[in-house]
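Engineer: For the protein sequence lines, the chains are A and B, in the order given. So in my numbering the end of the first sequence lands on 139, straight run, no missing numbers. So in my numbering the end of the second sequence lands on 1401, straight run, no missing numbers.
Since the hints were made in silico from the structure, they are not lab data. This structure is a prediction, so every number in the text was calculated from the model and none was measured. Just so you know, not all the hints are guaranteed correct.
Keeping only pairs whose Cα atoms sit at most 20 Å apart, straight-line, the calculated EDC-like set for lysine to aspartate or glutamate is [unchecked claim]:
| no. | chain 1 | residue 1 | chain 2 | residue 2 |
| --- | --- | --- | --- | --- |
| 1 | A | LYS75 | A | GLU139 |
| 2 | A | LYS87 | B | GLU1358 |
| 3 | B | LYS1262 | B | ASP1120 |
| 4 | B | LYS1302 | A | ASP31 |
| 5 | A | LYS65 | A | ASP31 |
| 6 | B | LYS1111 | A | ASP86 |
| 7 | B | LYS1016 | B | GLU1398 |
| 8 | B | LYS1344 | B | GLU1304 |
| 9 | A | LYS20 | A | GLU46 |
| 10 | A | LYS87 | B | GLU1304 |
| 11 | B | LYS1125 | A | GLU46 |
| 12 | A | LYS3 | A | GLU58 |
| 13 | B | LYS1142 | B | ASP1088 |
| 14 | A | LYS28 | A | GLU52 |
| 15 | B | LYS1130 | B | ASP1088 |
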Amino acid sequence: MTKTQSRNILLHYPKNLTDKPIISNLIKNYDLTVNISKARIDQDEEGTMIIEISGTSENINDGLKYLREIGVTYKPISKVVNWNQDKCTHCSACTVVCPVGALYIPDRNNMLITFDEKKCIACGLCVPACPYRAITISE
Amino acid sequence: MQRSIEEINEKIKKNKAIVFTAEEIIPYVEEVGYKKAAERVDVVTTGTFGPMCSSGAFLNLGHTTPRMKIQRAWLNGVLAYGGLAAVDLFIGATEIPDDDPANRIHPGLFKYGGGHVIEDLISGKDIFLKAVSYGTDCYPRKELETYINIRDLNQAYIYNPRNCYQNYNVAVNLSKKVIYTYLGVLQPNLGNANFSSAGQLSPLLNDPYYRTIGIGTKIFLGGAQGFVSWEGTQHNPTAPRGENGVPKEGAGTIAVTGDMKKMNARYIRGVSVMGYGASMAVGIGIPIPIIDEDMIRFVTVKDEDILAPVVDYSMAYPSNKIKVLSYVNYRDLRSGEVEIKGKKVPTASLSSYPIAREIANTLKTWILKGEFLLTEKVASLPGVESGQGFYPLKIRSERIK
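Bound conformation, chain A alone (with noise of 0.2 Å):
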């Protein structure tokens, strides 16, 4: 059996591909597991969206190769997220808001922060929450 994949990313639909069931179609055609964690349509009708989808590494491919056949585009989180370690000071303010633990201490004896993208869902939550503005997004 292959073992599942899984990966945080974020989509843009252009306009003309806001109202077609995608999803559905990479859940029912792909057989992957989507899960949502923001999406927003702008105000110039275009659609942002971060999911995680899981499956096993060929229908993955498989659907991110339809979301490129149909016009949209995507990227994988840590492409989105940055956390810059030349500004990050170590204190510890973010990890009490970030809610999937993605920013947190392994060690508690060094007390280093460490970014873990793979678990990272890009809420944006840590961006504010860090008084040295060390972790930007750009969608």
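We have chain A; now place chain B onto it with these hints.
Structural biologist: Frame of chain A, contents of chain B only:
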């Protein structure tokens, strides 16, 4: 066992001084005992790095042609106080630009303020200066707009009236909505507990009775050498103390000063506290000479022996009717979870323990290399015997004198 600062300095000059950080000294004393440690160790270095309000800087701009007596001035849009002389300014860490929306859209972001101006100056960035005045016979100019750079200023020195708080509150929120405080975002119903102290590494917690730290003490300030210039504002030596002499709440403070031209922006950082305002994070390290065995006992204080008061910032703090909910120690605070009112509460720190550690280590290196000699204090900070406290302001509508 007695050891003078002079003896220590002789050893530092010969690169023979034995120096530990306030963290390293703990296992060492556990191994060899107080007596032997006091005989062997000359200096213990401390460190702290966190947002410290009551910080700022004096700048002398130099005179323009024709001359100007500056009345009001702005640095990158942030008001700097000009009511000192002609071209002396004081820029305070919490000042925000006149056009900052502040908390009108709550919670405000406070992306730029006085602390950021100071950080930018230290980084060597050009700063836009705008100044206005009324003009006099000897100072005719009324308006000025120019870029300035720290390298061209006659003087640029930090003068922080209150830094290095000896212990501090742990902030929690007992209300049902999120609140935004200077100790960070506090989630409702005891959602988190935020603190700000380097605990066992913190300077004044390692010299709880101010035996060696006093006016004139040379310190690490913002990456350069600075000095303790006075007692800090709100200095409160009579705050409640534990049996080990360590204050159980905010107690002693110091005023510090140092040359910004020699500082490193890694250790002086503008801070944006959501919903609260702008401030400045300051890096301070203080060497503690081991003058006797009592001193080695004080510097081996451990996180678990330092208690901090838990205070509700939704009601008790803003109304200034503080009731301490309970006391927690810094070992537990640093573990990421404390128990308050029977509930396990996640913790976060506004100060940086890794940078506090880095500062204590840097100061240790300076001393080991013979680059940093210790100073005898010129005068003592008011101690417990002074009876000095920290009192609220009583609002009154009539003059009584």
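Engineer: If a hint holds in the structure, say so; if it doesn't, say that too.
Structural biologist: Hints, verified against the model:
no.	hint	verdict
1	LYS75/A x GLU139/A	9 Å, holds
2	LYS87/A x GLU1358/B	15 Å, holds
3	LYS1262/B x ASP1120/B	14 Å, holds
4	LYS1302/B x ASP31/A	56 Å, violated
5	LYS65/A x ASP31/A	14 Å, holds
6	LYS1111/B x ASP86/A	18 Å, holds
7	LYS1016/B x GLU1398/B	64 Å, violated
8	LYS1344/B x GLU1304/B	18 Å, holds
9	LYS20/A x GLU46/A	12 Å, holds
10	LYS87/A x GLU1304/B	30 Å, violated
11	LYS1125/B x GLU46/A	39 Å, violated
12	LYS3/A x GLU58/A	10 Å, holds
13	LYS1142/B x ASP1088/B	16 Å, holds
14	LYS28/A x GLU52/A	16 Å, holds
15	LYS1130/B x ASP1088/B	14 Å, holds
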